[in-house]
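Undergrad: Protein sequences appear in the order of chains A and B.
Here the working numbering is used: the first residue of the first sequence is 169, the next is one more, and so on.
Here the working numbering is used: the first residue of the second sequence is 169, the next is one more, and so on.
Read the hints as simulated data drawn from the structure, not as lab findings.
All values derive from a computational prediction rather than experimental measurement.
We put the beta carbon where it would ideally sit given N, CA and C, even for glycine.
Heads up, some of the hints might be wrong.
Sample of chain B residues lacking proximity to chain A, with all beta carbon distances greater than 12 Å (derived) [to be verified]:
hint : residue
1    : Leu187
2    : Glu228
3    : Gln278
4    : Arg290
5    : Asp365
6    : Leu412
7    : His416
8    : Pro504
9    : Arg542
10   : Ala591
11   : Gly610
Taking CB as the label site, the calculated pair distances span [what the hints assert, rightly or not]:
hint : chain 1 : residue 1 : chain 2 : residue 2 : range
12   : B       : Leu412    : A       : Thr586    : 55 to 63 Å
13   : A       : Asp479    : B       : Lys553    : 17 to 25 Å
14   : A       : Ser483    : B       : Arg290    : 44 to 52 Å
15   : B       : Gly485    : A       : Ala601    : 40 to 48 Å
16   : B       : Ala611    : A       : His267    : 14 to 22 Å
17   : B       : Thr586    : A       : Leu604    : 36 to 44 Å
18   : B       : Thr436    : A       : Gly470    : 33 to 41 Å
Protein chains: 2
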Amino acid sequence: MSRIRPLSGFPELLPAQRLVEQYVLDVLRETFELHGFVNIETRAVEPMSQLARKGEIDKEIYVLRRLSADPTVSDPDELGLHFDLTVPFARYVLENAGHLAFPFRRYQIQKVWRGERPQEGRYREFTQADIDIVGENALAAHHDVEIPLVMLEALEKLHVAVGLPPVLMRVSNRQLAEGFYRGLGIEEPAAVLQRVDKLEKIGVEAVTQSLAEIGIDGEKAAKIVALARVRTADESFVDQVRALGVEHELLDQGLALLREVVSAARETAPGRLVADLSIARGLDYYTGTVYETQLVGYESMGSISSGGRYDSLASDGKTTYPGVGISLGVSRMLVPLLAKGKLAASRSVPTVVLVAVTDEETRGEAMAVARALRSRGISTEVAPKADKFGKQIRHADRRGIPYVWFGGMAGEVKDIRTGDQAAASADAWTPPADDLTVGIVGAWD
Amino acid sequence: MSRIRPLSGFPELLPAQRLVEQYVLDVLRETFELHGFVNIETRAVEPMSQLARKGEIDKEIYVLRRLSADPTVSDPDELGLHFDLTVPFARYVLENAGHLAFPFRRYQIQKVWRGERPQEGRYREFTQADIDIVGENALAAHHDVEIPLVMLEALEKLHVAVGLPPVLMRVSNRQLAEGFYRGLGIEEPAAVLQRVDKLEKIGVEAVTQSLAEIGIDGEKAAKIVALARVRTADESFVDQVRALGVEHELLDQGLALLREVVSAARETAPGRLVADLSIARGLDYYTGTVYETQLVGYESMGSISSGGRYDSLASDGKTTYPGVGISLGVSRMLVPLLAKGKLAASRSVPTVVLVAVTDEETRGEAMAVARALRSRGISTEVAPKADKFGKQIRHADRRGIPYVWFGGMAGEVKDIRTGDQAAASADAWTPPADDLTVGIVGAWD
């Protein structure tokens, strides 16, 4: 099922692979809308000044220039392709605040572009699916509990329906870590986070040494490392942290909120979420809860779904818009699974019935049969050519079309998988529900 | 309903407007899939060499450059954003021919970009919906009949469902015109087409004069003008053309095929399609049948859906891929109608029920109610704050959410439009089907 991708970093799917992607996107849309998220799309471009708003551009951006423009003259209104859906969403909220009702719940499924050097699992064009809830000046903490549950619900539906591997979402909290460090008397928690982030890569000894370099050693360093090793599937992480004997108001807040997230997930998504205080990377970026998600058994693919809380997603000086959200890397998750043949569609077309054509003179009759079937929601094609029936059946077979219709409105329908053929009326016949839509099948080890 | 669009030419929709667009895209998808078209998406970029493949670039292309690249060094692998879906589709067919079954029927709904000067009805980013059928070396003429019927079916569904104005599709044929000109002894039909194209703009006299300039005058010029004025809703155009007394094999072919298109449309889309031999513009580009479509009463918007037959959509030297297709300008059709408030959604969120929260201690109960409702496909939100009930009802009202739930699993549900409130069980209650999905309403004069 794998195929040539001549433009490196720009994955394209074959029709049967796209049917899988459509199925996944439909499940996401259905789930998000069941939770009251409304869809928006933002334009693909933002002014470069907006993309570089935070002073630093750590993403490789594709800059646009009109073909007729002089490349040597710099354009003050230069546009770039968006590299995520968060920056455009923040801009959209500011621009349309007067037309939106807060808290505003939106989902957004679009492509984003990064001019990075392509490598395994990295793309220059890829699809993301984001959900966010944004408040006006304030946003209640229970939305930090809600957001991961919505994404877990969508991923669980895919797990149940097509055998997508189960996920494990790891959750941490900036208040918790920052409160803990401040409780130890540390004034620069960011410097600690940077070093703790390397724990998995360089090990305890090296991290301890790098903490010593910024004046943190002995018992404090040991406690920092101990905190980062706390990981529990239930609320017991609270006691484990308490046992380290550190006190701070922020720590209390962080523990309470993370306990709520874990507790709610145990009820509605048991086994899919853990408190994991080793997460440090996201804490630099987000200001509260942070989420990272792996496909169990496919951890090497990295996090497929990440997000967290921003105290200020956007601000116009007068009003601040705090938000909490999570993003699913649709391409990042699907493209490798499709390339490996782990997920496939039962056919390469939506078609359920091919109406055979006896001769070109009766094509009109075949078209009438097709219309009758379509009027009841049955995807139908008329055979392109009045070939011998055997050839028309092969035409259906090559595409995985399950049924071939012979004759007119009162005709016969053949299930080409079993060879069964029976009289049928085009005004009444309906295939089994399983055949009505394309099936998505998983081939997991 | 109109809103600020600070980046000229890049229209963005408010949530309620996007709900209308989603509805329209769903109807398109459903219709195309009922006819056995499979969806594909192509990457947003193509090598500039591909975009300029035909030697001339008459579109304004957005060229990409990586931020870190030196703008003064020209890149041989330069990429540009696609300006239509035909060029990328042709490339996709060539690239994947070995994996596709022909005739290949695909639909494609994506954004395209043109760096044009923005003006009324012209956008720099807009959504197109294309259907095409592509053959390998040959493609039967009956697909020229099929393609317009599929698009007309989708547009008719929108007309019936939400009162979108009826459409009129004008169809002509290159063989017909070319055969007619050749039958008159003219060797350069293209030069004639260019001049006839101006008929509506500059009138008969000026066109006659411009024909005289290329040596065509008197009776021939009169016949050319007469041909361009033939327009019939039935097959009578054949007799009108025959009455002009011109004979040519190509003319016969063109008349026969156009008659088939008109005849099939009279049966399945009565009143929606006419033979209109004034169409000349498309004939330069396409090689057979051509289609143009207007919204009746909104003709000033121009053609919302155009297409035609290519004898060679793509070719790799060995194999030629003829195709016939039609494209719907989704943004071109919708954005002006949305801005004028002609189409609107019944609410600005998918949500059917807001579950009120009595106090923060019982939020868990409210979440359980919401889960029960969602499990039966009812889009539900839990109130963000345990405000006074009046305030929670206003929260629903502002978004157009029709129902508010009070109490737990055995609670009460209020229709806030009528004020009716009744006891209900979250395990059993279901709203009327009309409320289950967002309604799209037309406000036509």
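Undergrad: Each hint: holds or not?
TA: Results for each hint:
1. At roughly 7 Å, the least C-beta separation between leucine 187/B and chain A is not larger than 12 Å, which violates its mark as non-interface.
2. Here glutamate 228/B does not stay apart from chain A, with its beta-carbon only about 6 Å from theirs, under the 12 Å limit.
3. Chain A draws glutamine 278/B into its interface by the beta-carbon criterion, the shortest separation being 9 Å against a cut-off of 12 Å.
4. Distance check for arginine 290/B against chain A: the nearest CB is about 14 Å away, which clears 12 Å, and the non-interface claim stands.
5. For aspartate 365/B, the non-interface assignment is confirmed: its Cβ lies about 25 Å from the closest Cβ of chain A, beyond the 12 Å cut-off.
6. Separation of leucine 412/B from chain A is adequate, the least Cβ-Cβ distance of about 30 Å exceeding the 12 Å criterion.
7. The Cβ of histidine 416/B sits about 24 Å from the closest Cβ of chain A, beyond the 12 Å cut-off, so the non-interface label holds.
8. Listed as a non-interface residue, proline 504/B keeps its Cβ farther than 12 Å from every Cβ of chain A; the least gap is roughly 17 Å.
9. Not every CB of chain A lies more than 12 Å from the CB of arginine 542/B, the least distance being 5 Å, so the non-interface label is violated.
10. For alanine 591/B, the shortest C-beta to C-beta distance to chain A comes to about 24 Å, beyond the 12 Å cut-off, and the non-interface label holds.
11. For glycine 610/B, the condition that its CB be more than 12 Å from all CB atoms of chain A holds, with the nearest at approximately 20 Å.
12. Distance hint for leucine 412/B and threonine 586/A: a CB-CB separation of about 58 Å, consistent with the stated range 55 to 63 Å.
13. Range check, aspartate 479/A to lysine 553/B: about 18 Å between beta-carbon atoms, so the 17 to 25 Å window is met.
14. About 34 Å separates the C-beta atoms of serine 483/A and arginine 290/B, a value inconsistent with the hinted range of 44 to 52 Å.
15. For glycine 485/B and alanine 601/A, the hinted distance range of 40 to 48 Å is satisfied, since their beta carbons lie about 46 Å from each other.
16. In this structure the supplied range 14 to 22 Å holds for alanine 611/B paired with histidine 267/A, their Cβ-Cβ distance being about 18 Å.
17. Checked against the given bound of 36 to 44 Å, the beta carbons of threonine 586/B and leucine 604/A, roughly 37 Å apart, stay inside it.
18. Between threonine 436/B and glycine 470/A the Cβ separation comes to about 51 Å, which falls outside the hinted range of 33 to 41 Å.
Taken one by one, the earlier hints fail for this structure at numbers 1, 2, 3, 9, 14, 18, listed in ascending order.
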